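Participant: Mapping of the sequence shown onto the working numbering: position 485 corresponds to residue 485, and the numbering continues sequentially without gaps.
Hints may contain errors.
Unchecked claim - Capping the alpha-carbon separation at 25 Å, the derived lysine-lysine pairs in DSS-like fashion look like this: (1) 609 - 441; (2) 314 - 72; (3) 72 - 289; (4) 266 - 235.
As the list claims (entries may be wrong) - Label-pair restraints from in silico Cβ distances: (5) 617 - 376: 35 to 41 Å; (6) 234 - 70: 54 to 60 Å; (7) 520 - 234: 35 to 41 Å; (8) 51 - 376: 38 to 44 Å; (9) 117 - 181: 45 to 51 Å; (10) 297 - 233: 45 to 51 Å; (11) 181 - 617: 23 to 29 Å; (12) 465 - 51: 27 to 33 Å; (13) 212 - 350: 27 to 33 Å; (14) 70 - 378: 32 to 38 Å; (15) 406 - 350: 28 to 34 Å.
For the record, the hints were derived by calculation from the structure and aren't laboratory data. Quick caveat: nothing in here was measured; it's all calculated off a predicted structure. All C-beta atoms, glycine included, are put in the ideal place defined by N, C-alpha and C.
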Amino acid sequence: MSTQTSKSDVLIWDSEFPAPSNYQVVILWRQFADSGQEVSCISLPEYIELHADRLHDRFLGFVHDLGNTQIKGKSVQDHLTVTPSMSYWWMTLFASTRWNDSSRTTDAIKLLALEEILNSRSWVELELASEDRSIQHSIQRLCIANGKSFRSDPIPKQKSKRSGVIRKFSLVVSAHLVLIRQILWLVLVRPLRLTTESSQIMIFDYLMRFDVDQSRDGNFVSQYWNLLIEKFSKKRLRATWVHQFIESSATPSAKSAQQLLSKINKKKETTHYLFESRLSLRIVIQTLKTYWRLVLSVPNSAAMSRAFVPSDSKLDLWPLFAHEWDQSLLGTTAMRHCILISTIQSSLATIPHCPLGMYLMENQPWEMALIDAWKANGHGQLIGVVNAPIRFWDLRHFVDRRSISKDGANRIRFRPTPDRIAVNSLISRTLLEKSGVSPEKIVDVEALMYQYLDRSVESDEQRADDLLILGDFFTLPTNRLLNIVQESLLKEQHIGKVWFKPHPFDSGPWPINESLGIVITNDLLPDIFKKCSIVIAASSSTSSLEAYCANKNVISILDPAIMNYSPLRNLSDAVFVSNSSELSLELSKSHQRNTNRIDSLLHLNSDLKLWTVLLGL
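The whole structure should be built from the sequences, with the hints applied where relevant.
Facilitator: So, in structure tokens, the structure goes:
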């Protein structure tokens, strides 16, 4: 932070430490406002929640406008056309609107909120306390555009043109090294081959949430599909499963994953493959063609940087997204995506016609390639299955209304979509319809992963006094959650054990205070719920809704570094806290059961009547 002694009108405070008091107003970048603070503070996380609908739509509109920006007589989407029917635009990390720990979407929305706040006030000078160079660049440019003074730590000068050329050359070299690595890494993975007998259904998912011990005995037991697998077996349905490889302790490599699937494939009715498989010479050549078509068609950085200014705004968001844009279009991400495009196109072009396909729908880049290849090769109906209830701030599930095609055609102008979207929750249907998705395109189905909840109430009277902490997908939010929970537990005497269940994708390390006796567990939630009456969850945890429906007293902890991603966000009796004091107060209360009916949140029926109708079983 600047060492000058004069006071600015506005201080933007990007720190977890208390803000100084010698400013007219302090805007908190990643803190909630404390009513006891002497200085007038505005919390960006709180402001965003107050104006969530508008800011949600503004960012989606910005994404749409950028894709349709005209550069040299063509839109960005047209420049990035990589197949006759699809634009690579939809596979870029930016258009995917991810929310992971490296995405800058949250920061972009905070900057949109900041500009609104500044436009509503009279100010002359702004001071920024932040170590984030991208945020520094964007806010400095905002001040310059408004003719205001800006103070902060010195910002490094822009790199020279020569250094930019070297950087891009480095990205291209790294991309080709990834291709070589994938050729060697996947050499033992069997490619998809269905030349003799067609499948009645193909299912695309992730190689996780399955019973590893059962797979070693040749059985495929998946949390994702649960009772539906039994129906396939009874109907003797010829099903082909294609799994995205996920590194885990059970499958540390593609080779080990292939070995497990080979054991499962001894069963007659089903066949299992990995999504990415051994790369043939034809696929390698096609991958290189697609990659270099992309590299040669990408608008230059100067033209793109001018496009990263939202309409009716003076914000320049290019500093936030420049790195991931280059990775998406030139670097290792671009090459991995080109491999996916070529592999999927080749696989789906060589198999017999398949009348029905399903995939886990999160609107990830690989899904765009799958939809395009499936439809381009004339296969049957394709259903996107939303496995967990959609969350308002999970922008992957939403696009601007202008990016939604009514008939699913023109995957260059509109985001590729499946023929039907299967949802297991009224929450998901409501959010999708509100975003502009046609109600007729959405179909209700039973929540396959959560069928056990239909029976959970029977044993609820025997709840134990244990407490369960549910971790986030990412390590940093999980660690912030643990710090708050442990600070509260040090103050309060809790009867019973304290369990911590990390997310399956998160391997830590975590700041566990051993004196509190916290037990780390990887048991399934239905088993852990039998021991616990109180569940403390990160606000981004989808499992908080699962705990809520299991009649647990759920306390969600808000994280000001990110948005409120909780699926419980709009439930009237949901409990949210933002610090250890508020958590201690909630833990001391005598909690009542939830007032919402489970069937108003999740579709539950072990007979799977809705699935039976949808799939014609």
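Participant: Range hint 27 to 33 Å: satisfied by the CB atoms of residue 212 and residue 350?
Facilitator: Holds, at about 31 Å.
Participant: That 35 to 41 Å hint for residue 520 and residue 234 (C-beta), does it hold up?
Facilitator: Holds - the Cβ-Cβ distance for residue 520 and residue 234, about 39 Å, lies within 35 to 41 Å.
Participant: Quick check: does the Cβ-Cβ distance between residue 70 and residue 378 fall within 32 to 38 Å?
Facilitator: 33 Å, holds
Participant: Is the straight-line distance between the alpha-carbon of residue 266 and that of residue 235 25 Å or less?
Facilitator: 18 Å, holds
Participant: Does the Cβ-Cβ separation between residue 181 and residue 617 fall within 23 to 29 Å?
Facilitator: 42 Å, violated
Participant: Return holds or violated for the Cβ distance of residue 617 and residue 376 against the range 35 to 41 Å.
Facilitator: Between residue 617 and residue 376, where Cβ atoms are some 28 Å apart, the hint is violated.
Participant: Given a hint of 45 to 51 Å, does the C-beta separation of residue 297 and residue 233 actually sit inside it?
Facilitator: 47 Å, holds
Participant: Do the alpha carbons of residue 609 and residue 441 lie within 25 Å of each other, as the hint requires?
Facilitator: 19 Å, holds
Participant: Run the distance test for residue 314 versus residue 72: straight-line Cα separation, threshold 25 Å.
Facilitator: 23 Å, holds
Participant: That 45 to 51 Å hint for residue 117 and residue 181 (C-beta), does it hold up?
Facilitator: Check passed, 46 Å falls within 45 to 51 Å.
Participant: Using the Cβ atoms, figure out if residue 406 sits within 28 to 34 Å of residue 350.
Facilitator: Since the Cβ atoms of residue 406 and residue 350 sit about 32 Å apart, the hinted range of 28 to 34 Å holds.
Participant: Given the range 27 to 33 Å, decide if the beta-carbon distance of residue 465 to residue 51 lies inside it.
Facilitator: Because 40 Å falls outside the window, the suggested range is violated.
Hint compliance for this structure: hints 5, 11 and 12 are not met, and every other hint is.
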